[in-house]
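With the hints in hand, could you dock these two chains into one complex?
Line order of the protein sequences matches chains A and B. Counting from 1, one number per residue, gives the positions in the first sequence under this note's numbering. Counting from 1001, one number per residue, gives the positions in the second sequence under this note's numbering.
Rather than coming from a laboratory, the hints here were simulated on the basis of the structure. Misleading hints may appear alongside valid ones.
Claimed, not checked - Where chain A lies over chain B, by a calculated footprint (3+ residues, C-beta under 8 Å):
| id | segment |
| --- | --- |
| 1 | 1041-1053 |
| 2 | 1078-1092 |
As the list claims (entries may be wrong) - Calculated lysine to aspartate or glutamate pairs in the EDC-like style (CA-CA distance at most 16 Å, straight line):
| id | chain 1 | residue 1 | chain 2 | residue 2 |
| --- | --- | --- | --- | --- |
| 3 | B | Lys1006 | B | Asp1121 |
| 4 | B | Lys1069 | A | Glu423 |
| 5 | A | Lys426 | B | Glu1013 |
Treat the numbers as computed from the prediction; the structure is a model and nothing was measured. C-beta atoms are modelled at their ideal positions from N, C-alpha and C, and glycine is treated no differently.
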Amino acid sequence: MDCNWNDKHGAINPDSAIDFLPREQLRALQSQRLSAMVYLAYENVPLHRKRMDELGVKPSDIKSIDDISKLPFTQKTDLRDTYPYGLFAVPLSEIVRLHASSGTTGKPIVVGYTREDMDVWAGALKRCLLMFGLTRSDIVQVSFGYGLFTGGLGLHGGAEALGCTVIPASGGNSERQLMMLKDFGATAMACTPSYFIHLIDTAQKLGLDMRQFPIKVGVFGAEPWSDQMRKYIEQNAGIEAFDIYGLSEIAGPGVGGECREHNGIHILEDNFYPEIVDPKTGEPLPDGEEGELVLTTLSKRAMPILRYRTHDITSIIAEPCPCGRTVRRIRRIGRRSDDMFIIRGVNVFPSQIEAALMRVAECSPHYRILLERKRDLDSVTVEVELNPDAYTDNIASLEALRKRIQASIMNIVNIKIDVRLVEAGKIERSEGKAKRVVDLRKI
Amino acid sequence: MTEILKQVSVFIENTPGHLRKVCSVLAEAGVNLQTLSVAESRDYGIVRIIADSPDKAAEALSAAGIASKLVEVVAVEVADRPGALLAILDKAQAGGLNVEYMYAMTRGVNGNPLMIMRFGDTAKAAEVLK
Chain A
1 MDCNWNDKHG AINPDSAIDF LPREQLRALQ SQRLSAMVYL AYENVPLHRK
51 RMDELGVKPS DIKSIDDISK LPFTQKTDLR DTYPYGLFAV PLSEIVRLHA
101 SSGTTGKPIV VGYTREDMDV WAGALKRCLL MFGLTRSDIV QVSFGYGLFT
151 GGLGLHGGAE ALGCTVIPAS GGNSERQLMM LKDFGATAMA CTPSYFIHLI
201 DTAQKLGLDM RQFPIKVGVF GAEPWSDQMR KYIEQNAGIE AFDIYGLSEI
251 AGPGVGGECR EHNGIHILED NFYPEIVDPK TGEPLPDGEE GELVLTTLSK
301 RAMPILRYRT HDITSIIAEP CPCGRTVRRI RRIGRRSDDM FIIRGVNVFP
351 SQIEAALMRV AECSPHYRIL LERKRDLDSV TVEVELNPDA YTDNIASLEA
401 LRKRIQASIM NIVNIKIDVR LVEAGKIERS EGKAKRVVDL RKI
Chain B
1001 MTEILKQVSV FIENTPGHLR KVCSVLAEAG VNLQTLSVAE SRDYGIVRII
1051 ADSPDKAAEA LSAAGIASKL VEVVAVEVAD RPGALLAILD KAQAGGLNVE
1101 YMYAMTRGVN GNPLMIMRFG DTAKAAEVLK
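So here's chain B without its partners, still in its complex pose (with noise of 0.2 Å):
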């Protein structure tokens, strides 16, 4: 399975507190989180997240002056056996395409685990990795 996934991204400030706050404004929005990441600098960090309804969740994080960006990123099914992955770098490098980072998904799919995966060429790699 391959699909084209809308993830939010969160600019925050790395300091305790700050991803509590995501955390609490999706919950109290009843958003659902299926997985997040978190990429962190010295002083900030983005908080990367797949969740059951992306437009609330970015809807409540700005009503509560959070600002956040839908990003579009590749959800690819990974088989659960050595070279998997491998077999989709491989794919992704045919085709030119530069992984940006990428993550996995908490829960997967036909009980093999899934990567999030962010490319340039969101389009393009959805095709690829097909």
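The following block holds chain A by itself, in its conformation from the complex (with noise of 0.2 Å):
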């Protein structure tokens, strides 16, 4: 019989425990692994050993946690730069699996992994999935991209360590990722929320209900996404719905979870910890303030990474979940600061976009922004289908329909942005992440 772990009456998987560590054992665990790790950076990566020296840090300043501020960044160009293997610490015999990322312009970011540190991963990837209430009697359908993307064979590794059934079903071929679904009994998914909403769409199209399904739990990542998003995905599914957060240069998805009480994500800071700062100074924010996430890996032995700027904006929760983990949580990010776009001099975020466009009932979730250039003149347009009910046969209704929609934008971004209505099935269904700006400016 399947235990249920981690439950109201105190019970802890033993896999969870770390996750509930009474605080100051926390910190010495960090303290004492942040110093290993500065020793191991320093020794024998170049680039940490050059930038801790133009600062003056040497590994032996590093005696806590509380002196992780004086350590350099580190940018994602650091890793372009030193492509493909300048950040590795140990020998390429050590490496038991690459990655890379897509990079959209000129060469990918190479990571890699020990055979400890896919174990750590793992291991992060099972104590998130424990978060989310799944057990080794679960069937996991795993719908992110196999191959170098960490998301597919990172949430393949956690499920199976769990002792999860695993359906390997990558992306694509949305009938056939139903069909699995179904057929295959799968009672949670792991994909981008946005794939899981073309998922839905399918099966409606299909005349099948997903609420029918035995799917009770939806694994969502590697993109941002609303709670309008949430709601819809959880009503229309009839799922629940966790965020997984996670980045390639940190380790992949498992960086941190939502637990049952879905306010916030847990950052498995054991691993991976957190700092906020101003995104322009760099300077260290306190607990509560907003500003750009930046992480430092704690237990990583093939490519320790000081201090990463994830570009992610979001503020630490230092107040007590509870569920009862002492890890802290991070509001979930919401935005980039390199997402953001400025237009007429003010800056926008496409998820202010998203939010505004959810809190018009007719609106569905596929929308894009289109930035261009008329006459020196940048413009932005919101392109959106609509659900099905809403394309009625009145041109004026549309046209106020449309209108009340540029008023829900104008309301939150305050700039007036136009709103294009498409017809359905118009905008691009990703399988992946869901590109939801298209930047047409020539500058």
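Laid out in structure tokens, this is it:
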């Protein structure tokens, strides 16, 4: 019989125990790991040594986790500039796995894992899956892409480590995905939230009701998604949706996850230490204040990363979580400092547009934002598909709806943005990360 | 003659090729168009189609991934002489009916043109205009 661990009576699955460590013990562990990791990085990675030397910091200066702010930042460009193996701290003979991110321009960034790193990663994912209430009785369909992307193989390893039955579906072929969900009886699915919405739509077109499927948990990550999207997913698929956070530079998915309180993401800070800094000055900000998330790997051997600038904007929630976990939470990531676009001097995040759209009942979750430059003036157009019933036969009511959508956006971002109603199916459905912003400006 | 008909309304983008696509789907399905009108806004238009088999038309469009709606409209025979349409509009007004839109059928009955008229209350309109 399967035991439902981490229940309200206080049972704790041994694999989750570290999530519940008393704060002082956790800090002692973090301090010890940070110190060792800094030696590893300094002695084996020329870039880290050079950066620390420039700041006049020696490994012996890092005695406790509080000393972390003395360390230099690592930027995404550092990973690109040292392509492919320049940040590895161990010989290639120790590396058992490589992953790479799809670089939008030029070379990708490459990350490596030792055998131990793989175990830590799978362990972290296992703890996330336990947070989502999954057990070894669950059947998990992994529909993140398999391959160089960390999503597919990462979740695969974690779910297998937990003892789940894993369906390595990978991405694509929506009808087949639905067939497997139904026939194989998957109780959980891991994919991007936008792909899951695409599956809900596909099911509806095929006359299938996902609420009748055995699936009860959705594990969603790799792109920001709003609470409105969560509501849409939960209502239309009859599941509980969980946010999983991660990035390849640090490990992949499993850096943190949501517990059933659904109020922030627990960062597994015994392995991945979070800080919040001012995105402009890099100055550390106290818990509770919003800024850029910076992550340091505390137990990675192959590729220790010091204070990685994630560009994800969030804040740390220091208050204890009702679930009892002591590892701190961050607010769900709604925006990235590099996703932001500036229109007529106003900072706009795609998540704000999405929130505005979802306030209008007739809008479907399928939209994209076009940035254009007309006669030296930037313009933003939001293309949105409507829910099937909202395509009325009446131009006047469609125009009124268009104005309502525009007003809803105006309400949030305070600038006038053009809205274009488009045919159902016009917006490309992504099977990976949804591309929401299309920048057509030629500058 | 006054009759309630099913009209197929299709939302299309106001860009080249979209109307053609709709017509090609209907042609392939063997649907014969009796008349059609396009109402347009800046970005999109609504194609309103009277066809020999509206249900088949809607099905074929849906299978091609094109969303359509079936809407009831009233077909009214208009005598081919001055004041004939006026008389119909007078009747509609007297019945408290508002014409949302109207367009003519290419092929009429009894040698008279047919007007396709959309009202908020189709059943009442059919009754009033009988």
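Structure-based check of all given hints:
Look at the segment 1041-1053 of chain B against chain A: 5 of its residues bring a Cβ nearer than 8 Å to a Cβ of that chain, three or more, so the hint holds. Counting residues of the segment 1078-1092 of chain B whose beta carbon lies closer than 8 Å to any beta carbon of chain A gives 0, which falls short of the minimum of three for the stated coverage. At most 16 Å may separate the alpha-carbon atoms for a hinted pair to count; B:Lys1006 and B:Asp1121 meet this at roughly 14 Å. A hinted pair counts as satisfied when its Cα atoms are at most 16 Å apart, and B:Lys1069 with A:Glu423 qualifies at roughly 13 Å.
Our distance criterion of 16 Å between C-alpha atoms is met by A:Lys426 and B:Glu1013, whose separation comes to about 10 Å.
Violation of the numbered hints given earlier is confined to hint 2; every other hint is satisfied by the structure.
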